[in-house]
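Let chain A serve as the given structure and place chain B on it in line with the hints.
Protein chains: 2
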Amino acid sequence: MSYSERSCWPDNVGILAIEVYFPSTYVDQAELEEYDGVSKGKYTIGLGQTGMGFCGDREDTNSLSLTVVQNLLEKNSTDPNQIGRLEVGTESILDKSKSVKTVLMQLFEQSGNSSIEGVDTINACYGSTQAFFNALDWVESSAWDGRLAIVVCADIAVYAAGNARPSGGAGAVAMLVGPNAPLVVERGMRFVHCAHAYDFYKPDLNSEYPVVDGKLSINCYLGALDKCYQGYKAQVHQKKKMTSNGTNSEGVGLEHFDYMVFHVPFSRLCQKSLARLMLNDFLHETCTEIQNEKYKDLSDYRNINLEQLADDPVLAKEVEKASLKCSQAAFEMKTEPSLLVSRNVGNMYTPSLYAALASVLVSKSLAELRGCRIGMFSYGSGLASAMFSFIISNTESPTAQKLFNNLADIPERLKTRTKVPPEEFVKILEIREKTHHLNNYTPWQRASDIANGAYCLLHVDEKYRRSYARRTSDGFVDFDGNCVIVAKPLVETAVPACQLY
Amino acid sequence: MSYSERSCWPDNVGILAIEVYFPSTYVDQAELEEYDGVSKGKYTIGLGQTGMGFCGDREDTNSLSLTVVQNLLEKNSTDPNQIGRLEVGTESILDKSKSVKTVLMQLFEQSGNSSIEGVDTINACYGSTQAFFNALDWVESSAWDGRLAIVVCADIAVYAAGNARPSGGAGAVAMLVGPNAPLVVERGMRFVHCAHAYDFYKPDLNSEYPVVDGKLSINCYLGALDKCYQGYKAQVHQKKKMTSNGTNSEGVGLEHFDYMVFHVPFSRLCQKSLARLMLNDFLHETCTEIQNEKYKDLSDYRNINLEQLADDPVLAKEVEKASLKCSQAAFEMKTEPSLLVSRNVGNMYTPSLYAALASVLVSKSLAELRGCRIGMFSYGSGLASAMFSFIISNTESPTAQKLFNNLADIPERLKTRTKVPPEEFVKILEIREKTHHLNNYTPWQRASDIANGAYCLLHVDEKYRRSYARRTSDGFVDFDGNCVIVAKPLVETAVPACQLY
Numbered sequence: 002m003s004y005s006e007r008s009c010w011p012d013n014v015g016i017l018a019i020e021v022y023f024p025s026t027y028v029d030q031a032e033l034e035e036y037d038g039v040s041k042g043k044y045t046i047g048l049g050q051t052g053m054g055f056c057g058d059r060e061d062t063n064s065l066s067l068t069v070v071q072n073l074l075e076k077n078s079t080d081p082n083q084i085g086r087l088e089v090g091t092e093s094i095l096d097k098s099k100s101v102k103t104v105l106m107q108l109f110e111q112s113g114n115s116s117i118e119g120v121d122t123i124n125a126c127y128g129s130t131q132a133f134f135n136a137l138d139w140v141e142s143s144a145w146d147g148r149l150a151i152v153v154c155a156d157i158a159v160y161a162a163g164n165a166r167p168s169g170g171a172g173a174v175a176m177l178v179g180p181n182a183p184l185v186v187e188r189g190m191r192f193v194h195c196a197h198a199y200d201f202y203k204p205d206l207n208s209e210y211p212v213v214d215g216k217l218s219i220n221c222y223l224g225a226l227d228k229c230y231q232g233y234k235a236q237v238h239q240k241k242k243m244t245s246n247g248t249n250s251e252g253v254g255l256e257h258f259d260y261m262v263f264h265v266p267f268s269r270l271c272q273k274s275l276a277r278l279m280l281n282d283f284l285h286e287t288c289t290e291i292q293n294e295k296y297k298d299l300s301d302y303r304n305i306n307l308e309q310l311a312d313d314p315v316l317a318k319e320v321e322k323a324s325l326k327c328s329q330a331a332f333e334m335k336t337e338p339s340l341l342v343s344r345n346v347g348n349m350y351t352p353s354l355y356a357a358l359a360s361v362l363v364s365k366s367l368a369e370l371r372g373c374r375i376g377m378f379s380y381g382s383g384l385a386s387a388m389f390s391f392i393i394s395n396t397e398s399p400t401a402q403k404l405f406n407n408l409a410d411i412p413e414r415l416k417t418r419t420k421v422p423p424e425e426f427v428k429i430l431e432i433r434e435k436t437h438h439l440n441n442y443t444p445w446q447r448a449s450d451i452a453n454g455a456y457c458l459l460h461v462d463e464k465y466r467r468s469y470a471r472r473t474s475d476g477f478v479d480f481d482g483n484c485v486i487v488a489k490p491l492v493e494t495a496v497p498a499c500q501l502y
Numbered sequence: 002m003s004y005s006e007r008s009c010w011p012d013n014v015g016i017l018a019i020e021v022y023f024p025s026t027y028v029d030q031a032e033l034e035e036y037d038g039v040s041k042g043k044y045t046i047g048l049g050q051t052g053m054g055f056c057g058d059r060e061d062t063n064s065l066s067l068t069v070v071q072n073l074l075e076k077n078s079t080d081p082n083q084i085g086r087l088e089v090g091t092e093s094i095l096d097k098s099k100s101v102k103t104v105l106m107q108l109f110e111q112s113g114n115s116s117i118e119g120v121d122t123i124n125a126c127y128g129s130t131q132a133f134f135n136a137l138d139w140v141e142s143s144a145w146d147g148r149l150a151i152v153v154c155a156d157i158a159v160y161a162a163g164n165a166r167p168s169g170g171a172g173a174v175a176m177l178v179g180p181n182a183p184l185v186v187e188r189g190m191r192f193v194h195c196a197h198a199y200d201f202y203k204p205d206l207n208s209e210y211p212v213v214d215g216k217l218s219i220n221c222y223l224g225a226l227d228k229c230y231q232g233y234k235a236q237v238h239q240k241k242k243m244t245s246n247g248t249n250s251e252g253v254g255l256e257h258f259d260y261m262v263f264h265v266p267f268s269r270l271c272q273k274s275l276a277r278l279m280l281n282d283f284l285h286e287t288c289t290e291i292q293n294e295k296y297k298d299l300s301d302y303r304n305i306n307l308e309q310l311a312d313d314p315v316l317a318k319e320v321e322k323a324s325l326k327c328s329q330a331a332f333e334m335k336t337e338p339s340l341l342v343s344r345n346v347g348n349m350y351t352p353s354l355y356a357a358l359a360s361v362l363v364s365k366s367l368a369e370l371r372g373c374r375i376g377m378f379s380y381g382s383g384l385a386s387a388m389f390s391f392i393i394s395n396t397e398s399p400t401a402q403k404l405f406n407n408l409a410d411i412p413e414r415l416k417t418r419t420k421v422p423p424e425e426f427v428k429i430l431e432i433r434e435k436t437h438h439l440n441n442y443t444p445w446q447r448a449s450d451i452a453n454g455a456y457c458l459l460h461v462d463e464k465y466r467r468s469y470a471r472r473t474s475d476g477f478v479d480f481d482g483n484c485v486i487v488a489k490p491l492v493e494t495a496v497p498a499c500q501l502y
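Read top to bottom, the protein sequences are chains A and B.
Going from the first sequence to my numbering is simple: count from 1 and add 1.
Going from the second sequence to my numbering is simple: count from 1 and add 1.
The hints are simulated quantities; they were obtained by calculation from the structure and are not laboratory data.
One thing to keep in mind: the hints can contain errors.
[To be verified] Per the computed footprint, the stretches of chain B lying under chain A, defined by three or more beta-carbons under 8 Å from a beta-carbon of chain A, are:
hint: 1; region: 92 to 104
hint: 2; region: 124 to 135
hint: 3; region: 142 to 149
hint: 4; region: 195 to 204
[Claimed, not checked] Derived pair list, reagent style DSBU-like, types lysine-lysine, alpha-carbon separation capped at 30 Å:
hint: 5; chain 1: A; residue 1: K464; chain 2: B; residue 2: K318
hint: 6; chain 1: B; residue 1: K464; chain 2: A; residue 2: K318
hint: 7; chain 1: B; residue 1: K365; chain 2: B; residue 2: K241
hint: 8; chain 1: A; residue 1: K295; chain 2: A; residue 2: K242
hint: 9; chain 1: B; residue 1: K464; chain 2: A; residue 2: K43
hint: 10; chain 1: A; residue 1: K464; chain 2: B; residue 2: K43
hint: 11; chain 1: A; residue 1: K234; chain 2: A; residue 2: K295
hint: 12; chain 1: A; residue 1: K41; chain 2: A; residue 2: K273
[What the hints assert, rightly or not] Derived list of chain A stretches under chain B, where covered just means 3 residues or more per stretch with a C-beta under 8 Å from a C-beta of chain B:
hint: 13; region: 133 to 147
hint: 14; region: 183 to 195
Everything numeric in this text was worked out from a predicted model, so none of it was measured.
Backbone N, C-alpha and C define an ideal beta-carbon position, used for all residues, glycine too.
With the rest of the complex left out, here is chain A:
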C-alpha cells in the first residue's frame, strides 16, 4: 500500500475561508472597444470580457496582499496566533529579494506571532497554486503543529498600449487552509505538467509589462490542459480500480466534474478549454456508438491528433468550432458560473483561478452545492500547470456557512464599483508606467478613493522603503491602529495629474 493510501494525515484538508478583493475602479470593455477604434465585439465577445479592473498608484502588490489578508482574518475572527504558515504567489514583485510575505508580517506584529513559515512562490499565474499545494503538504507533514495556513495571491496585470491591453486586470485572493474544511482537496488527485517556454514572461525587470507571444501562449495553455487532463483522468481511473477491487475500470470523462474551473486569462478561453476537454473525451472514447451519439458534432474528427492541431491552424479552428458547439450545454452548466469575477475584473494572474472558484460558490446555495466536485486547472506561462479537484463537504458546519456568507457580497461589490472612461484609464496607466518603480515618491491617487478596509501606499522613501496605511471608518490607520495623515498628492511634477484622482 502506498503512503497516499494511509489515513495518517488530518481529515478533510482544504479551504476553510476565502477572501476576494478587486479594485474599486474599472473600465467598460465595450467603451474601450470604441475608444481603441477596434471592431465592435472584439473585447466583449472575442475575449468574452465586460469590464477590466485596474489600480491607481495608491495600490501595489503589497497593499493588495495586506488588504486581502487583514480582511480574511477579520471576517473569520481568526486570531493571528492561529496562523503557522503564510505564503504568497505573485508575478508582480516590487523587490527581487524581500518577499511580500515579510511585508505581511506587519499584520502579525501586535499578536507577537513571528513563527510563521513560508515566503513567496513565483511562476507567472501558477505561483498561487504552488503556494496552495505547499500549504496542503505542510498540513500533512511532520512539521505541522496544528495551526492554519494562509495562501495569498495578488497581481496587477497591465499591458503596453495595443492589442494585449484589454486582457489586463487586478486583484487579490487569500485562503485559509487546514483540516475539516468545507472545500476538501481530493487526495492523490493532482497532476502537474511543466516545460520550458517563452510564451509570456517579464525579462524587462523595470517594466510592469510582459513580453507576450499570444499565439504560442494559447497553444502552450491548451497543450498543458491536454496533458493535465489525461494525467488527472489516469489518477481517477487508478483510484477507481483500487477502490472497486480492480473490477471497475470504466473511462473517466467530463461527467466526473460538476464544475470545471480554469485559469482565466480572458473568459472566452475557458469556453474553449471546456470544449478541449470534451474533444479529449471524444478522442479517447473507444466505443464508436458513444462517439457518434454523445459527440455527434465531433464525429468528423475521429482521427485527428491533438498535438498536431497547433501546427494546423485551419483544422484547429474547424475542430474548435465543432467542440464549442458540442460542449455548449456542458459549458453553461459546469464553467459559466466560474466567470463572474473574471468577466468583470479581467485577468488577475495568480488570483484568477481562485476568484473563479469563489464565483462558483456564489452561483448557487450551499445546499445545492453539497457533494459537488469542482475540477481546477491552473496554468502559469513559462510554463507550469496542474489539474486537481475539490469536493464540497461539511456543508452543515458553521465554517461552511461562514465561507459562503463571506463571499455573498461579491455580485453587489462588482456592481458598486466606479466606471472610469477609457481616456482616464489610459492616463492612469501612463502614470503607473512612469512612476511604479520610483523612489522618493508620493502617489497621485486621492487616498479617499481607496475602499474602506483596504490598505494604500503612503510613500516610497529615498531608500525605496514603502509605507502603508489602512482606510477604516476612523480614517487611515497604521499597523498599530494609530491614525496617520495621508500626504496630499504633489502638484509639481512632470507627470500629468489625473482628473479622476
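For chain B alone, kept in the frame of chain A given last:
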C-alpha cells in the same frame, strides 16, 4: 498524540546527495585590500574571508542552476524520470514571471518527464531553506508518489564598488531529497522566525546590487538567531520530556550539537553567531555555579538583556568580545569546519548554508561523522529565518558513501581555480553592471574559460530569450546533446573588452 508523533511518513527523510558548484575564477581578499587601499586585515580578518568567487558574463542564475542539476543527476546516475519535484531558491532572478525551474525543465525533455512539481521560492538567502522545507513536506504528504525531489539554490552576489563589495560571491548547490537518506532531518525540530525589515533588499529591479543597511542587517541576523535558538531549544526540551515520560527536563545547550552551521554572509559572522548561542545558553542557565565555571569569561554579564544589546553598541561590543573568548574552543570544533567553501568563495546567498553543510561533510571521514547532529541556522533578509537539524545516519549505505565521495574533490577544486587580479575583477563587474539586463546580447567571456561540465550563456536574443550550451569533452552541446558553435565575442561595443577573457 499529535500528528507529528505518528509514524505514517516514510523513514529517514532528508538529503541523499549534494552537488556544489562555484565559479572557476576568484579574487584574493588580501590583494583586494591592497587594491582598495583599506587597512590590512579588513577583509581577511574583519570579514574572515580569503577569496571571493565571481562569474563573467557567460554565467547567470539559469546557467549555474543548469550546471549543478545536470552534474547532480550524472554523478548519482539518477534517471530524470525518478524526479517528481524540482524547486529553486534564488534572489538573483532574471525574469519577474518565468521561473528558473522552467528553464531547468530543458534537462528533463529527453526523458519525457514533464510531471515535476515546484517552481521558484523567493526571500533573499532564505529561499533555499523554504524550498528544502517544501520538498520535505511533499515527501511526507499525500501528494508524494514515491519519486525524489531536487532542491536547487543559485545566486550571484555582487555589490556596488565600495565597502560592501568584498562580501560578494557566487555559486550553486543542488540536493537530492527523499527517504532513507544519510542526512536525516530531525522531525518536529524546525523553528521559524519571520518579520518585516528593510535590512537588505533589491528594490532597483534593473540592478544586480542590493540596498544594504549593514548594521541593521547584522542586528536582524543576530536577533533572528536568538529567536530561532530559543524556539528550537524549546522543541528539543518538549521532545525530551515526552520521550522520557515527563521526568527528564534538563536544559538544552550547545552540547546538543556536534556541528553548528550558519548562513554565511562572511565567515567572521559565524564565529560571532556561535558566540551568541553560547551567550544565550549562559543567560538561560539557572545554576549560578555552572554560570561561573562553564561560562567564566561571561560572568560579568549575568544580568544583560539580549534584546537591548542592539541599542547599546558599547556594551554589545564588550559582551561580544567575552562571548568570542568563551566560545573559541567550541567554534573551532563545531563551526570552523563549515567555513571551507565560504572563506574561499564568499557569500553565495541561497546556497551559502548548504555549501557550509557540504564543508562539514568533507572535513571528516564518514565513520567519524556517524551519528553526529548538525544544527542549521538559515537567514534571509527582509526577514525570514529558521533553525533545524540533521543526524548523520545510514553511513554504511552505498548512498552515504556516494554522497561523501562526490563531495571529496571540493578542496582540490577550490585550489585549482584561477586567481584574477583585482583590476581585472573590477573590469568584469563593470561589464556585468552594464550588460546583465540587456537583450540582443552576446557575452564577452571566452566560452573556453567555462569549466568542463558547466553550462554557459550563448546569447540573449531581441526578445530577451536566453540560450545555453554545456561544455563537455566533445565541445559545447545543447540540450539534445548536439554540438553547437559558440559565437565569438563581438569587438565593436561601448563596453571595454576585458583582457582576461
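Hints and how they fare:
Only residues whose C-beta sits within less than 8 Å of a C-beta in chain A count toward coverage, and the region 92 to 104 of chain B has 12 of them, enough to reach three; the restraint holds. Coverage of the region 124 to 135 of chain B by chain A holds. Counting CB-CB distances below 8 Å, 7 residues qualify, and the rule asks for three or more. Using a Cβ-Cβ cut-off of 8 Å, 6 residues of the region 142 to 149 of chain B lie near chain A, which meets the minimum of three, so the contact claim holds. Requiring three or more residues with a Cβ within less than 8 Å of a Cβ of chain A, the coverage given for the region 195 to 204 of chain B holds, as 9 such residues are present.
In summary, the hint linking K464 of chain A to K318 of chain B is supported, as the alpha carbons are separated by about 28 Å, within the 30 Å threshold. Between the alpha carbons of K464 of chain B and K318 of chain A the distance comes to roughly 28 Å, so the proposed pair stays at or under 30 Å and holds. A threshold of 30 Å between alpha carbons decides the hint, and for K365 of chain B with K241 of chain B the separation of about 29 Å falls inside it, so the pair holds. About 25 Å separates the Cα atoms of K295 of chain A and K242 of chain A, which keeps this hinted pair within 30 Å; it holds.
Proposed proximity of K464 of chain B and K43 of chain A is supported: the alpha carbons are some 27 Å apart, at most 30 Å. Distance hint between K464 of chain A and K43 of chain B is fulfilled; the C-alpha atoms sit about 27 Å from each other, no more than 30 Å. Our distance criterion of 30 Å between C-alpha atoms is met by K234 of chain A and K295 of chain A, whose separation comes to about 19 Å. Only pairs whose Cα atoms come within 30 Å are accepted, and K41 of chain A paired with K273 of chain A is accepted, the gap being roughly 21 Å.
By the rule of at least three residues with a Cβ nearer than 8 Å to a Cβ of chain B, the coverage given for the region 133 to 147 of chain A holds, with 12 such residues. For a cut-off of 8 Å, the count of residues in the region 183 to 195 of chain A with a CB near a CB of chain B stands at 7, and the three-residue condition holds.
In summary, this structure violates none of the numbered hints.
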